[in-house]
Amino acid sequence: MFGLERLIPVGIRPRRSYGARAVVTGAGSGIGRAFALEIAERGGQVICADIDESRADETVALIERDHPGAAHAFRCDVSRREDVEVLARFAETLFERPVTLVVNNAGVGIGGKPVGEIGFDDWEWALGINLWGVVHGCEIFAPQLRAACGGGSDGPGGGSSRGRPHQHSSGIINVASAAAFAAAPSMAVYNASKAAVLSLSETMAAEMSGTGVAVTVLCPTFVKTNVARDGRITPQSARLADTLMRLTGFSPDSVARTTLDAHDRGQLYVLPQLDAHLIWRLKRYFPAQYTFALGLLDRLLPQEDSTITDRSSVSDKTGV
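Each number in our numbering corresponds to the 1-based position in the sequence shown with 18 added.
Keep in mind the hints are simulated off the structure, nothing from the lab. Check the hints yourself; a few may be wrong.
Said to hold, decoys possible - Pair by pair, the computed Cβ-Cβ distance ranges are:
1) F310 to E135: 15 to 25 angstroms
2) R98 to H295: 29 to 39 angstroms
3) D316 to L80: 33 to 43 angstroms
4) T309 to D84: 46 to 56 angstroms
5) H186 to D139: 36 to 46 angstroms
6) L112 to R299: 36 to 46 angstroms
7) L318 to E135: 15 to 25 angstroms
8) R83 to A306: 48 to 58 angstroms
9) G137 to E71: 25 to 35 angstroms
10) G228 to G137: 37 to 47 angstroms
11) E135 to H186: 48 to 58 angstroms
12) Y36 to A224: 18 to 28 angstroms
13) E142 to T111: 49 to 59 angstroms
14) S272 to A311: 24 to 34 angstroms
The beta-carbon is built from N, C-alpha and C at its ideal position, and this holds for glycine as well.
Required output: the full structure, derived from the provided sequences and hints.
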């Protein structure tokens, strides 16, 4: 879980999160807003991207109170490649240099139905945001991040700077979830989307090794955000998620600070809570027993009519 970066003296580690030229998606609330506020607090400039421009404006207003001129709002639907391409061009024009930090945070909650009852509309909607949103952010911003390290771009997709000396440092943070490896029942869409983000981040970390671009993937359990209210979650599951968030959830501010500090150390995995570490180890050391226990728990929990979802109370936000 923790690599050799912890042996590097603090004074000579790249402090990527300080003075960064940053883009944060889903910055209108929750973890995304916390990331934007903390980056500005560390002397950076941040573009607060969100599908709800009014939410992005609120985040900018919060930043501007203490750091005038440090934040800019931008409306972006991360599920649309064209939107993210425009965001990347806007960022490079605004900063007049490549970005040095990208936080792919935008995501939505979905759950409460078993496979076979989910429906392809929900699969496409959630994967479009939770997975394709991160894919768009990685694929489109990777050339800028390499360029910020002096690697440039020399081919389709920005080329590769492996083997070249880098002058500076940059980084990308992908927000996944402990759901990426927990595999809880009735959360197949969410689990699959976050597992893909985890694998993508691991792959990018290997590809970026030696370039000066650090890759970090955040895998929290419960964080006090509006993800349960803004997603497509059956009523009983939403109530359970809200309860667990209130009782055990970490604050978004704490998670953002922890993740940025870990990113500065060059740490790949960030599991900010003890229960995430426990799930990580149980799944790997006792996979059969872990899966059996999950299935037993699923059968013991009260069931609800998963075919009914009140869509009138659901908002399709990507800023959670």
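Assuming the hint says 48 to 58 angstroms, is it satisfied by the Cβ distance from E135 to H186 or not?
Because 50 angstroms falls inside the window, the suggested range holds.
Just tell me: holds or violated, for the beta carbon distance of D316 and L80 against 33 to 43 angstroms?
holds (40 angstroms)
Range hint 36 to 46 angstroms: satisfied by the CB atoms of L112 and R299?
holds (43 angstroms)
Confirm or reject the claim that R98 and H295 have a C-beta distance inside 29 to 39 angstroms.
holds (36 angstroms)
G137 and E71, beta-carbon distance inside 25 to 35 angstroms?
holds (29 angstroms)
Cβ distance range 24 to 34 angstroms for S272 and A311, holds or violated:
Roughly 29 angstroms apart at Cβ, these two residues keep to the hinted range, so it holds.
Tell me if the beta carbons of Y36 and A224 are separated by a distance inside 18 to 28 angstroms.
holds (26 angstroms)
Using the C-beta atoms of F310 and E135, is the stated range 15 to 25 angstroms upheld?
holds (23 angstroms)
Range first: 46 to 56 angstroms. Now tell me if the beta carbons of T309 and D84 are that far apart.
Roughly 48 angstroms apart at Cβ, these two residues keep to the hinted range, so it holds.
Has the hinted range 36 to 46 angstroms been met by the Cβ atoms of H186 and D139?
Given a distance of about 44 angstroms, which is inside 36 to 46 angstroms, the answer is holds.
Could you check the hint for me, namely that G228 and G137 are 37 to 47 angstroms apart, CB to CB?
At roughly 44 angstroms between Cβ atoms, G137 and G228 fall inside 37 to 47 angstroms, so the hint holds.
A range of 15 to 25 angstroms was offered for this pair. Does it hold for the Cβ distance of L318 and E135?
holds (20 angstroms)
Consistency note: the structure conflicts with earlier hint 13 alone.
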